[in-house]
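Residue numbers (my numbering), protein chains in the order written: chain A, 1 to 217; chain B, 218 to 434.
Because the hints were derived from the structure by calculation, they are not lab data. Fair warning: there could be bad hints in the mix.
As the list claims (entries may be wrong) - A short, non-exhaustive set of chain B residues, derived as facing chain A with CB atoms under 10 Å:
hint, residue
1, Val255
2, Val304
3, Phe345
4, Pro360
5, Asp389
6, Ala409
7, Val428
Yeah, the Cβ is synthetic: ideal placement off N, Cα and C, and Gly gets one too.
Number of protein chains: 2
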Amino acid sequence: MNSFQPTERTQVKRLPKRGVYDRAAIYKILDEAFLCHVGFVVDGQPYVIPTGYARAEDTLYIHGSAASRMLRALSGGVAVSVTVTLVDGLVLARSAFHHSMNYRSVMVFGTATPVEDAAGKMRALHAFTEHVMPGRWEEVRGPSEQELKATLVLALPLSEASAKVRVGPPVDEDEDYALPVWAGVLPLQLTAQEPVADPRLPAGVAVPDYVRKYKRG
Amino acid sequence: MNSFQPTERTQVKRLPKRGVYDRAAIYKILDEAFLCHVGFVVDGQPYVIPTGYARAEDTLYIHGSAASRMLRALSGGVAVSVTVTLVDGLVLARSAFHHSMNYRSVMVFGTATPVEDAAGKMRALHAFTEHVMPGRWEEVRGPSEQELKATLVLALPLSEASAKVRVGPPVDEDEDYALPVWAGVLPLQLTAQEPVADPRLPAGVAVPDYVRKYKRG
Chain A
1 MNSFQPTERT
11 QVKRLPKRGV
21 YDRAAIYKIL
31 DEAFLCHVGF
41 VVDGQPYVIP
51 TGYARAEDTL
61 YIHGSAASRM
71 LRALSGGVAV
81 SVTVTLVDGL
91 VLARSAFHHS
101 MNYRSVMVFG
111 TATPVEDAAG
121 KMRALHAFTE
131 HVMPGRWEEV
141 RGPSEQELKA
151 TLVLALPLSE
161 ASAKVRVGPP
171 VDEDEDYALP
181 VWAGVLPLQL
191 TAQEPVADPR
201 LPAGVAVPDY
211 VRKYKRG
Chain B
218 MNSFQPTERT
228 QVKRLPKRGV
238 YDRAAIYKIL
248 DEAFLCHVGF
258 VVDGQPYVIP
268 TGYARAEDTL
278 YIHGSAASRM
288 LRALSGGVAV
298 SVTVTLVDGL
308 VLARSAFHHS
318 MNYRSVMVFG
328 TATPVEDAAG
338 KMRALHAFTE
348 HVMPGRWEEV
358 RGPSEQELKA
368 TLVLALPLSE
378 ASAKVRVGPP
388 VDEDEDYALP
398 VWAGVLPLQL
408 TAQEPVADPR
418 LPAGVAVPDY
428 VRKYKRG
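If we strip away everything but chain A, and leave its shape as in the complex, we get:
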């Protein structure tokens, strides 16, 4: 299926022209970001917890170590909402009212279930590491049996999802275009700064290329 079927929960109702249901377009956003906000309900109270994730095929893996209360709540298999947001720019209009942001955000709904088997956990950990830092997995010590046991991985099938995307310049009221106010977009990007070596790093270990040249998207 190349597009997600919009559901009551995923259909973009406000500004429907911003809605995206194409699977490839949604996966591209999920693959560029690496932080999600997981929403779940405990005793009627909503919680929103930031955590890392990775996608492999049509599954979203959530790193379960974010908070014990998330683990407790989700390992029973409860409804979650996972949102991933990339801010691409500040949209500066001529009126305060029409200021906006350019962004790409994905919302996924479903039931997360724990990955129990060691092989499945290993695949998910590989996906996490390579998602955040491609090239890293081959260089580091792999997870021990004990570390695998201490890791909780949740799997969420990518079956109900949509994205919302805003691009382009501000949209102002006709009569405001003549105002002598600078208007346009200030693009924003999450960029890597100079790597900071661990104080305990032995002399002579060079910064790998995949760290020096790190770039998302």
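Use these hints to put chain B onto chain A, whose structure you have.
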């Protein structure tokens, strides 16, 4: 009150040393970021919606135009969870297991209520604009009466909040420090790129300093 009293919902239970309850430290994070993820429950289903916000004194204002379903749900005064997350760096350990992120995240719980009066809305819109782009409000056309009516602003008192912060180098297993693997932190920062002028901008309108020199934090 200079510190938030930890509650059942805000106490950082996993890795309690990362918990921050100091009001000034929490406000500093809220003032550096500008995107939040709002969690709320409709018919038992959690929703997590990204939207802009601003803080003024001990109130968090949420821009209500994010989604009509959020407005419908929240204008009745329901429990929300607002999470703000800044990613400061990728923590590269010698083992896959100990990879982490440096981050600062704030969680706020409470009940959001709509700001109904025009003066209150005006204050909130001023706060939004100046929070995202300091210096902007004075230059642009202010909101008309009609625009104020079309704007929904939600206010959430900052009375129940906590932050979770990770800083510093990776923490590896003792026996792994001898591995010839580069380890350390790759700092990440949301940085402004070259401003892109609106195609309809009249000639001769210069990019303002507050745009050219834009920087968060």
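So, going through the hints one by one against the coordinates:
no.: 1; hint: Val255; result: holds, 7 Å
no.: 2; hint: Val304; result: holds, 6 Å
no.: 3; hint: Phe345; result: holds, 8 Å
no.: 4; hint: Pro360; result: holds, 5 Å
no.: 5; hint: Asp389; result: holds, 8 Å
no.: 6; hint: Ala409; result: holds, 5 Å
no.: 7; hint: Val428; result: holds, 6 Å
Consistency note: the structure conflicts with none of the earlier hints.
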